[in-house]
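Residue numbers (the working numbering): 1472 to 1809.
Calculated directly from the structure, the hints in this document are not laboratory data. Bear in mind the structure is a predicted one, so any value in this text is a computation, not a measurement. Positions of the beta carbon are idealized from the N, C-alpha and C atoms, including for glycine. Among the hints, a few may not be true.
With a Cα cut of at most 16 angstroms, we get these calculated EDC-like pairs of lysine to aspartate or glutamate [what the hints assert, rightly or not]:
#1 K1527 with D1601
#2 K1610 with D1698
#3 K1732 with D1742
#4 K1675 with D1698
#5 K1610 with D1700
#6 K1610 with E1647
#7 K1621 with E1575
#8 K1808 with D1798
#9 K1725 with D1774
#10 K1610 with D1742
#11 K1578 with D1798
Computed beta-carbon distance windows for the label pairs [claimed, not checked]:
#12 A1685 with G1532: 39 to 49 angstroms
#13 A1622 with H1776: 31 to 41 angstroms
#14 G1533 with A1707: 21 to 31 angstroms
#15 P1745 with A1650: 29 to 39 angstroms
#16 H1771 with A1707: 15 to 25 angstroms
#17 K1578 with D1774: 24 to 34 angstroms
#18 P1740 with H1776: 25 to 35 angstroms
#19 P1745 with P1602: 30 to 40 angstroms
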Amino acid sequence: MPDVHSTLPSLRSYIGPLDSQAKGARTVKHIVLKFLALVALACSPATGARAQSFAKRVDIGGGRMMYIECQGSGSPTVLLISGTDTASDLWHAADQKGPTVYDEIQKTTRVCTYDRPGAPHLDQTFSRSDPVPQPTSPKNGVDDLVALLKAADVPGPYVLVAHSFSGTIARVFAAEYPAEIKGIVFVDALTPELRSQMTPDEWKTWTRINARPAEALAIYPELERQDFDETLDQTAAAAAPRPMPVVVLTASNKYIDVVPKLIQAGELPPDTPPNFGAVIDRANSAAQNELAALVAGAVHITDTHSGHNIMIDNAPVVIQAIRMVVDAVRAGQTSLKR
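From just these sequences and the hints, can you work out the full model?
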């Protein structure tokens, strides 16, 4: 797994199965050293851009600015929503040679991505969106995204591509604005079913090792974080997505061999159960199956040859999933299975 998500910080921000061959892992030490040296970046509008293409901060009201970038033309608009602790640049990165998700999708339809408040970039620079009080929640995420799309004049309909924590945002968004959301691609998404697949003690351990490290918060107090129970409660209370084209992508790499190595390396608390990787693998597998069962006709792809960051580890599988959903939406289908 690439450097942005591979050890302790990734696990603590709900990262799915880890790649034991991770290289350049982002450790707490990396966060501290880089955050000391780097400050938040602002981005001005691109010059000479087509009407559909821009990268800028926009005023969403309440004295707040948020960063959004869009490129390409056509409908539906694909919204790439990053997971916790990651920003818009996640969709511009790829391990393998070839196009990134953002660059490839803009060739066939309009695509947009954005920075949530408190979400750092791969190089550890701060979010380009103004900070907000933390912890955040799916409803906060939806409210911000709706305000941002309106302020930036990005009308629907939309296909949501939701990674990790943002899977909860996608489900609340689809419940609150069903007419606007025409399809969803879940990319190893966090789901309330994960909690229900764990015992109370297992869930307590999961939330503990996913807590933000004090060293990172000391450097970046506005770092995005959640109350996990509130996050999953809000998501569980949302209505299931109406019939629409849906793809669920699940990471195929597993935790079972990685967690003991992280404990030994000091990247996880020493009292973390050595077998906890197996707990995560079991619970996540069942939870992803339940997520795929929420919408009739959803396609569930588990052979992704990837860790949690599927858009980086194996961009082509994400690109293919998005194209499947976009093509189905354009054809007026309400399911990928006929």
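Hint by hint, here is what the structure shows:
1. K1527 with D1601: 13 angstroms, holds
2. K1610 with D1698: 12 angstroms, holds
3. K1732 with D1742: The given pair, whose Cα atoms are some 13 angstroms apart, holds under the 16 angstroms limit.
4. K1675 with D1698: Holds - the C-alpha atoms of D1698 and K1675 are around 12 angstroms apart, at most 16 angstroms.
5. K1610 with D1700: Distance ~14 angstroms between K1610 and D1700 Cα, so the pair holds.
6. K1610 with E1647: 10 angstroms, holds
7. K1621 with E1575: Between K1621 and E1575 the Cα gap is close to 25 angstroms, so the pair fails against 16 angstroms, i.e. violated.
8. K1808 with D1798: 13 angstroms, holds
9. K1725 with D1774: The given pair, whose Cα atoms are some 12 angstroms apart, holds under the 16 angstroms limit.
10. K1610 with D1742: 34 angstroms, violated
11. K1578 with D1798: 14 angstroms, holds
12. A1685 with G1532: 39 to 49 angstroms: 33 angstroms, violated
13. A1622 with H1776: 31 to 41 angstroms: 39 angstroms, holds
14. G1533 with A1707: 21 to 31 angstroms: The hint (21 to 31 angstroms, Cβ to Cβ) holds, given that G1533 and A1707 are roughly 28 angstroms apart.
15. P1745 with A1650: 29 to 39 angstroms: 49 angstroms, violated
16. H1771 with A1707: 15 to 25 angstroms: Cβ of H1771 to Cβ of A1707: about 20 angstroms, so the range 15 to 25 angstroms holds.
17. K1578 with D1774: 24 to 34 angstroms: Since the Cβ atoms of K1578 and D1774 sit about 26 angstroms apart, the hinted range of 24 to 34 angstroms holds.
18. P1740 with H1776: 25 to 35 angstroms: Check passed, 30 angstroms falls within 25 to 35 angstroms.
19. P1745 with P1602: 30 to 40 angstroms: Hint holds: Cβ distance 37 angstroms, inside 30 to 40 angstroms.
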